[in-house]
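Turn these sequences into a full structure, and let the hints steer you where they fit.
Residue numbers (numbering that gives the first Met the number 0), protein chains in the order written: chain W, 0 to 344; chain D, 0 to 344; chain Z, 0 to 344; chain U, 0 to 344.
Be aware that one or more of the hints could be misleading.
Which copy is meant is left open, because identical chains are indistinguishable; a pair holds if it fits in one copy or across any two.
In the BS3-like style, the derived pairs of lysine-lysine whose C-alpha atoms are separated by at most 27 Å in a straight line are [stated by the list, open to error]: (1) K62 <-> K303; (2) K227 <-> K141; (3) K133 <-> K62; (4) K141 <-> K252.
Simulated from the structure, these hints should not be mistaken for laboratory data.
So you can see what is in the structure, the chains are spelled out below.
Protein chains: 4
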Amino acid sequence: MANNINIGVIGYGYWGPNLVRNFAEIPGAKVTSISDFKPELLAKAQSRYPSVKVTTDSSSLLKDPTIDAIAIATPVSTHFDLALAALKAGKHVLVEKPMTTTSEQAMRLIEEAEKRNLVLMVDHTFVYTGAVRKMHDLIATKQLGDIYYYDSVRVNLGLFQHDVNVIWDLAVHDLSIMNYVLPSQPYAVSATGISHVAGEPENIAYLSLFFENNLIAHIHVNWLAPVKVRRTLIGGSQRMIVYDDLEPSEKVKIYDKGITLNGNSESVYQMLIGYRTGDMWSPKLDMTEALRAEGLHFIDCITKGDRPITDGEAGLRIVRILEAATQSMKQQGRLIELNLAEVAA
Amino acid sequence: MANNINIGVIGYGYWGPNLVRNFAEIPGAKVTSISDFKPELLAKAQSRYPSVKVTTDSSSLLKDPTIDAIAIATPVSTHFDLALAALKAGKHVLVEKPMTTTSEQAMRLIEEAEKRNLVLMVDHTFVYTGAVRKMHDLIATKQLGDIYYYDSVRVNLGLFQHDVNVIWDLAVHDLSIMNYVLPSQPYAVSATGISHVAGEPENIAYLSLFFENNLIAHIHVNWLAPVKVRRTLIGGSQRMIVYDDLEPSEKVKIYDKGITLNGNSESVYQMLIGYRTGDMWSPKLDMTEALRAEGLHFIDCITKGDRPITDGEAGLRIVRILEAATQSMKQQGRLIELNLAEVAA
Amino acid sequence: MANNINIGVIGYGYWGPNLVRNFAEIPGAKVTSISDFKPELLAKAQSRYPSVKVTTDSSSLLKDPTIDAIAIATPVSTHFDLALAALKAGKHVLVEKPMTTTSEQAMRLIEEAEKRNLVLMVDHTFVYTGAVRKMHDLIATKQLGDIYYYDSVRVNLGLFQHDVNVIWDLAVHDLSIMNYVLPSQPYAVSATGISHVAGEPENIAYLSLFFENNLIAHIHVNWLAPVKVRRTLIGGSQRMIVYDDLEPSEKVKIYDKGITLNGNSESVYQMLIGYRTGDMWSPKLDMTEALRAEGLHFIDCITKGDRPITDGEAGLRIVRILEAATQSMKQQGRLIELNLAEVAA
Amino acid sequence: MANNINIGVIGYGYWGPNLVRNFAEIPGAKVTSISDFKPELLAKAQSRYPSVKVTTDSSSLLKDPTIDAIAIATPVSTHFDLALAALKAGKHVLVEKPMTTTSEQAMRLIEEAEKRNLVLMVDHTFVYTGAVRKMHDLIATKQLGDIYYYDSVRVNLGLFQHDVNVIWDLAVHDLSIMNYVLPSQPYAVSATGISHVAGEPENIAYLSLFFENNLIAHIHVNWLAPVKVRRTLIGGSQRMIVYDDLEPSEKVKIYDKGITLNGNSESVYQMLIGYRTGDMWSPKLDMTEALRAEGLHFIDCITKGDRPITDGEAGLRIVRILEAATQSMKQQGRLIELNLAEVAA
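So, in structure tokens, the structure goes:
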């Protein structure tokens with residue numbers, strides 16, 4: 000493998016330009032080709048990056064032997080075919096979230112990448128922010144004690160999408176963060192939600208996720224809210240977190256609050272529950288752009304043969320939850336088992 | 000009936016003193032007796048209101064022919080017996096929320112009050128705030144257009160209760176507000192939640208309520224949150240409301256935001272959804288203490304023979320939802336039909 | 000001196016009832032008499048505290064040999080005469096802020112108290128809050144480094160007063176806090192402000208206070224603001240504080256932010272100024288009601304013969320600044336020397 | 000004059016790229032040349048705008064007969080020489096704020112532009128935001144009644160500048176907004192402030208500005224604050240405004256609050272002051288980027304021969320206040336007359 004990882008980017012719409020801009024500034028990476036089926040977007044790409052090859056034919060990137068890795072930033076319905084073709088062409092793959100439209104597809108991609116010993120990474124961008132990494136570290140080092148709940152709200156007057164519902168558009172962020180910071184996986188989901196525009200997918204949804212050990216998670220997403228909210232509460236037996244992504248600097252606040260139990264083995268009725276409130280603390284966060292940290296990690300995994308933090312299995316788990324939540328939502332909250340251990344096995 | 004309504008108050012713990020203080024200042028009302036089984040609370044009542052009779056025997060209030068009405072501010076498990084006895088003794092009744100522990104009990108009280116032509120009112124206090132009345136009026140006069148969703152969060156590091164779960168303690172407020180401001184009743188509920196203290200009732204819960212006509216409601220309640228939140232979003236086709244009860248003055252904000260549809264009967268794929276954002280407006284609210292407004296309304300209903308806004312049926316509807324939500328929560332979100340029309344018939 | 004300190008309270012209008020309520024619950028203190036010239040206020044006091052003597056004649060409290068201390072909660076114009084008479088009658092004195100209307104009066108009271116070895120304390124209530132004591136401790140233990148500035152805003156749509164301007168009404172709070180938490184005293188003041196109602200005192204004012212050692216303080220007070228603000232910034236070379244008294248719990252936030260200097264003795268042009276940002280921390284505060292802590296301190300000082308934190312000198316310093324600021328304001332910001340060392344000598 | 004206005008931009012450091020980017024997208028304008036003395040900045044400009052001429056020699060832009068207008072985005076100490084040379088070369092001029100370092104220089108530029116009938120515009124960017132234009136319109140149409148005060152805070156942990164103090168760096172924004180929205184000009188200023196780094200200019204400052212008719216303005220600027228604040232209060236006899244530039248959408252809030260006077264001609268002591276609180280209203284704002292609106296206005300003024308809103312006189316008024324405030328600050332608040340009518344005559 001050459002010193003430089005040559006990258007081809009498929010899709011130059013909303014997210015593609017961010018991928019290109021970040022890879023352009025990462026040492027050891029080089030964007031050599033960009034494809035999109037809209038010529039006007041390619042013209043824009045060409046004027047900004049005069050040395051990059053542009054094409055409307057994405058298959059030409061897969062055939063190019065100088066390209067080591069493919070980044071896919073196209074609509075979700077095309078992820079599977081493009082990623083599979085790229086893997087079959089021997090390219091490492093970074094694919095936008097959600098990874099695929101079904102868990103079967105996700106499993107097929109994982110299998111293909113394993114067989115060929117290629118890096119398969121899903122662009123769960125938030126996982127690479129300083130805020131989420133800090134929360135992961137706090138939980139991993141047991142500073143919150145046992146985790147009691149994970150509650151997230153992500154609402155605003157957002158763009159309605161015609162091809163996916165609000166869960167696939169917004170909850171995917173919360174699920175990827177949750178999957179990274181929590182120490183265990185949910186075993187079932189119950190979801191509710193409806194559409195307010197006839198013929199369109201659901202624009203408001205609520206997901207409850209069940210875990211072993213008294214942990215519950217809940218996600219509220221809404222494309223039709225008057226105000227923007229991006230707030231997650233994480234409750235633990237020792238400490239609790241408020242993560243507000245709209246705060247300009249103090250995004251993560253850690254509260255030394257909780258309950259204390261003065262139990263009595265003879266009778267739960269004699270259980271005394273006390274309240275504990277202490278200091279609040281907001282740690283300084285690494286403000287590196289998430290996509291830069293993610294790009295560096297992708298290059299690093301390719302170079303060293305490491306497994307990415309947001310690997311195919313992480314992508315699969317999220318897709319499986321999205322799938323099950325959509326199914327539950329159609330049945331007004333019916334509990335759907337996730338079987339994440341099985342699907343990921 | 001005498002010019003003055005003489006009131007006996009049963010229960011002088013947390014809420015009773017507020018009832019007494021407000022009735023003491025309402026023209027046409029007079030608190031003549033207070034009962035509580037704790038003598039030290041009666042001593043406190045006596046020192047503040049030297050002319051009031053105090054007793055540990057609540058039945059003596061029911062036997063007192065000079066008492067016109069009984070206000071009950073005791074634990075919920077005692078509401079039914081006390082209210083039924085008071086009605087049977089010919090007294091008008093104001094009972095704390097939740098009205099009873101079962102919907103059967105609530106129906107029995109309604110029946111008894113109707114038979115005896117007595118006022119039966121439930122103390123859904125928030126319904127009498129300026130903020131909630133303003134929201135009711137805005138919705139009733141169609142200023143929000145069609146109602147799309149009602150989403151409420153009521154969380155904080157609150158007192159754990161041993162006898163009722165967090166739904167009966169906190170969601171009762173949201174349900175009574177929702178019941179008052181929305182134009183229709185839910186037909187089913189799906190709820191999730193768990194307990195984090197062995198042997199104690201659930202301390203975190205999520206309720207989804209289903210209505211006809213594409214309306215959904217959701218309530219999040221939590222006794223174990225690091226921060227206090229009291230926020231409701233109400234989305235409509237024309238306007239949307241943010242109601243934040245922690246704001247000192249601008250509790251209700253009305254956003255002239257929404258979506259516009261440029262539909263096409265031939266194909267939903269040609270549906271264009273546009274976004275509309277306009278002014279925000281926060282109306283001046285009546286700042287009268289809710290309990291004073293409620294007390295005046297109670298006296299008014301007794302005097303004029305009117306039906307209270309928060310009558311027995313309103314109380315019954317809330318109890319029925321609490322009951323069903325608790326049942327659903329035990330079964331991890333299973334949909335429970337409410338049959339509110341039947342129970343209230 | 001008896002075991003109990005018997006207290007007479009003069010003035011039962013706005014603040015008097017708070018004094019009485021707190022002293023009533025302090026071990027070792029007993030309110031035995033209350034005077035006010037309005038009989039209806041005395042009736043209210045009597046009904047709440049049946050065992051207290053009430054009178055419209057304040058001089059009868061001074062003559063009462065069983066009374067050890069007098070608390071004065073009357074308009075500022077009456078403070079001097081009442082406090083002087085109380086001291087001459089051999090009573091310890093707690094007087095509302097501002098202590099007097101002139102610094103000469105304040106000096107006279109200090110002299111009288113010293114001569115008679117009596118406790119003279121000024122009710123600078125905020126000094127006894129957990130928030131202000133925490134800030135005092137942080138500064139006293141050098142955790143902020145050198146103090147650079149003290150900036151306070153106290154504005155709202157407040158009651159216009161006819162007898163004193165907004166400086167005497169609102170800035171007195173900021174000055175008493177500043178006087179307690181800062182390590183040194185200002186040497187001069189420049190103030191601006193105007194009245195918006197003909198014939199009434201100034202309702203908006205800005206004070207700049209000059210200290211040695213590059214420390215500056217500024218206070219903005221306004222009776223005619225659309226929103227309520229109670230916010231103080233304290234900048235230090237090592238850390239900075241934001242104190243927001245309207246925050247329900249996190250009133251004091253400490254920012255590990257500042258500048259770092261990489262100086263060069265040869266040339267200021269080569270001075271490099273770097274920026275430092277670190278964690279933010281909000282310590283748990285003692286939530287004891289300030290007036291209770293203050294009352295305990297008053298009783299303690301009487302019992303042990305100690306000097307109060309907010310002694311006559313502290314009161315005098317504040318009055319001197321108020322006096323000078325009012326003078327400066329009349330002359331559109333003219334610098335007025337304070338000579339605090341002299342006046343307090 | 001050609002259909003297109005050809006623009007040369009001098010200075011491609013912090014602000015220049017924003018000017019170029021906006022002019023590049025304005026119909027009727029074309030950036031043809033860019034100069035900067037740093038070749039690496041020119042290289043960046045060239046790669047983004049391949050067709051633009053770049054040079055380290057700014058005088059070559061002045062000599063270029065195809066250039067109609069010069070935009071100057073260099074340090075303030077160079078503004079006068081560059082602008083004068085550009086005017087003498089017959090070019091229209093858009094110059095960064097502050098316009099010049101002295102009011103004499105500003106007057107000289109105005110004179111030169113008038114003589115040659117050229118547009119001289121100062122880049123007071125905030126004047127072209129939707130928020131500031133809305134406030135201007137509300138005040139101009141008397142919706143606030145008489146204006147009582149203008150109070151602005153602009154603080155954060157900002158870049159220390161070595162050549163100008165914090166007034167010239169930050170207060171210039173507030174003064175240009177104030178100058179645009181208020182109906183009259185101040186006649187005198189009193190300012191205080193200090194430097195916390197030896198040998199460096201003042202990093203914290205407070206300005207009080209005096210107007211006729213009981214109007215006062217105050218500006219607080221600080222490079223060394225732990226939090227960022229951008230908040231202006233404008234008080235009027237009928238309504239009041241809170242303008243918070245950090246709010247993502249509701250930047251301008253209008254409060255229907257104030258006082259009501261029930262005067263009595265015989266005695267001010269009988270003046271009764273009542274309080275009035277009504278609705279709050281936050282109007283939708285034009286979200287066009289200010290620099291785009293400003294660029295369009297510049298082109299329009301050139302094309303039609305109109306006088307810009309932020310003309311040389313506006314620039315001169317701000318420079319005169321900055322000058323006087325710096326002088327006052329050196330003398331600890333001494334009142335300095337502004338004579339704006341004279342300087343602008």
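In ascending order, which of the hints set out earlier in this document are inconsistent with the structure?
As far as the earlier hints go, only 3 is violated by this structure.
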